[in-house]
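Start from chain F and add chain C according to the hints.
Residue numbers (numbering that gives the first Met the number 0), protein chains in the order written: chain F, 0 to 292; chain C, 0 to 292.
Heads up, a few of these hints could be off.
One copy or two, it doesn't matter: identical chains are merged, so the pair holds either way.
The list that follows gives simulated cross-link-like pairs (lysine-lysine, DSBU-like), each with its CA atoms no further than 30 Å apart [unchecked claim]:
| # | residue 1 | residue 2 |
| --- | --- | --- |
| 1 | K206 | K271 |
| 2 | K5 | K243 |
| 3 | K144 | K172 |
| 4 | K102 | K164 |
| 5 | K248 | K164 |
| 6 | K199 | K243 |
| 7 | K5 | K248 |
| 8 | K206 | K248 |
For the record, the hints were derived by calculation from the structure and aren't laboratory data.
There are 2 protein chains.
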Amino acid sequence: MDSFKKYLIDYQQIINEKLFTYVREYTDPGRLQEAMLYSIEAGGKRIRPVLLLSTMDALGAQHNRGYSVACALEMVHTYSLIHDDLPAMDDDDTRRGQATNHKAFDEATAILAGDALLTLSFQVITEDPSLTDEEKVYLVRELSKASGGTGMVAGQMEDMLSESKQISIDALKSIHVNKTGQLLSFAITAGAYLSHPAEKSLQELTKMANVLGLIFQIQDDILDITGDAGAIGKPVGSDEGNSKSTYPKILGLQGAIKEKEQYTDIALQSLKRAGVNATSLSRLIDYLSSRDR
Amino acid sequence: MDSFKKYLIDYQQIINEKLFTYVREYTDPGRLQEAMLYSIEAGGKRIRPVLLLSTMDALGAQHNRGYSVACALEMVHTYSLIHDDLPAMDDDDTRRGQATNHKAFDEATAILAGDALLTLSFQVITEDPSLTDEEKVYLVRELSKASGGTGMVAGQMEDMLSESKQISIDALKSIHVNKTGQLLSFAITAGAYLSHPAEKSLQELTKMANVLGLIFQIQDDILDITGDAGAIGKPVGSDEGNSKSTYPKILGLQGAIKEKEQYTDIALQSLKRAGVNATSLSRLIDYLSSRDR
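The shape of chain F in the complex, shown without the other chains (with noise of 0.2 Å):
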C-alpha cells in the first residue's frame, strides 16, 4: 500500500477508536446515544482532524497532544451534517450512502444527537488531561468561533438565504469560507498552536489553511456534476436540482477546475515556504483537490 494511504488509513483509525470511545465514555447507553454513535459511525473521511494531526507532525510535535480536539471538531462537523440534513434544512435522505440519522431514527432525536454533538466537543477539550488550562481555553474559544455565529453557523445561514438567487462568485466565496472554510482552517491552526511552531511557518501555514475550504468546495460542487453517484455516497446532480450556486455554475465547469487549482497552487506554495516537514501535508492537500467522492 502507498505510504500516504496507509499514513491517512492509521489515523483515521485513531480517531474512529477515541470517538467511539468519548462518546461511550461521556453519555449514557439508551437511544440518545445510538443516534449520536449511528451518525459518528457513518464514517467519512475524517479530513479534518488528519489534518490537524499532520499539521502537528509536519512541525514535529507529540500528536496524540491533538486527539481531543481533533475528536472535537469531527464531533462539531458530524452534528453540522446531521442538522443540515433535515427536511427544514437540506432535506437529505442519504449521506455517505446510508440513511440519513432523522430518516434512521426521527427528527426530533436527530436534532437532539446535534445537539448533544456540540455539546461534547467542548466537553472533551477540557476533561484532556494532557493539555494546560490554557490551550483548553485557547481551543474552546477558537472553535467556537470557527463553528458559531461567525463561522459554520453563519455560513449555513448565508446558504440557505441564497438559495434560488443569482450570487456573484464573492458572495459564494464568503459563504465556503465561513460554512467549510473555518473548520478546516481551526484543524490547522489547532495543530499549529499546540506545536508552537516558529513565527514565518505560522504565517504560512495560516495562509494555506485560508484556502483549504475553497479548494475542498469547489472540488464537492464539481464532483456534483462529473462524480460517480456510488463513490460520493449521494446522487450525482443534486446541486442543480435544489438551484444551489456552485462554482461551476457561475465559471463553468473548465473555470472551476482552474479556480480549484489556481488555489491548490497557493497552499502548496505556502506550506513549501513554511519550512515544515511537509510530506503529508502536501498529500493531503492533493487529495482534498483531486479526490473523487
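Quick look at chain C alone, frame taken from chain F:
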C-alpha cells in the same frame, strides 16, 4: 416596591443588557443574529442567571465575575426552548405570549439560531477577562455536562420517549432532574465555585440545588392546570392534550402540591444550614415554588 422584586428586576436588567451585548458583539448582523436576539429578547424570568448571581451574593463574592457564565447559562436555556418548540419536538406556536422562533422566522433559521446560541455560550465564558483559565475550564466543562447528553439534552430525550406512556414517579423525577434540574443546579454550583465557600456551605448549597429543578417542574405542571393562560403565556391544559406525564397526573393535584412543598422545605432547610447570607436565595426559592407564571 418590595426590595426582593427590585433585586430581581435589577438583576434581570443587568442580564438582559449583557446578553444583547454578547450576541451583538460575537455575531454578525443579519437574519441569524435577528433570530438569536428575537428569542433572547422574548425575555423570560432569567431565573438561572439570577440564581447564579444570588449564590455569589450569599457567599459575599463580587458578582460581576459571574456575568459571563450567567449569560452562557441563559443562552443554553434559550437555545433549548427554541429547539423544543420545533414541529418535530413539542410543536408549539407561542412561547411567553409571542410567536415561537420558527413561527416568527422559519424552521431552518430556528435550528441554526439555537445551534449558534449553544456555541456562543461556551465562547463567552472563554472571552471573559475577569476569570482565570482554571475557572473558565471548570465552567465550560460543568456547563457542557449539565446541558448535553448526560444532562438537559438527555432529559429532553427521556421526556420524548415517555410520551403517551404510563411512567412511575421515579422515572418522572429522573426526566426532570436531567431536563430542568441540572441547569438550575449548575447555576448554584457555578456561583458557589466562583465564590470559594467553606466545605459545609458548599455541601448544603449542593443539596439545595439538587431539588430546585423538581420544585420548578412540579409548579410548572400545577400551573398547567390552575394557571392563567394570559399570565403563563401558553394555553392552559396543554399537558393534558399532548399526553405528557406530569406530577398532578401521577399524584393528583393535592399530592403534587404536597410533594412540591416537601422539596421546598428541603431546599430552605439546606439553605439555612449553609450558614450564608441567604435572604435573596430564600426569596428566590419561594418565588420558584409559588410563582403564577
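Against the structure, the hints:
1. K206 <-> K271: Result: close within a single copy only, 12 Å intra versus 59 Å inter.
2. K5 <-> K243: neither (36 Å within a copy, 53 Å between copies)
3. K144 <-> K172: Answer is within: at 19 Å inside a copy they meet the 30 Å cutoff, but 36 Å across does not.
4. K102 <-> K164: Answer is both: 29 Å inside a copy and 23 Å across each meet the 30 Å cutoff.
5. K248 <-> K164: Answer is within; shortest intra-copy Cα gap is 12 Å, inter-copy 52 Å.
6. K199 <-> K243: neither (39 Å within a copy, 61 Å between copies)
7. K5 <-> K248: Answer is neither; intra-copy 36 Å and inter-copy 60 Å both fail.
8. K206 <-> K248: Classified as within; 27 Å inside a copy, 62 Å across copies.
Going down the numbered hints, you'll see the structure goes against 2, 6, 7, while the others check out.
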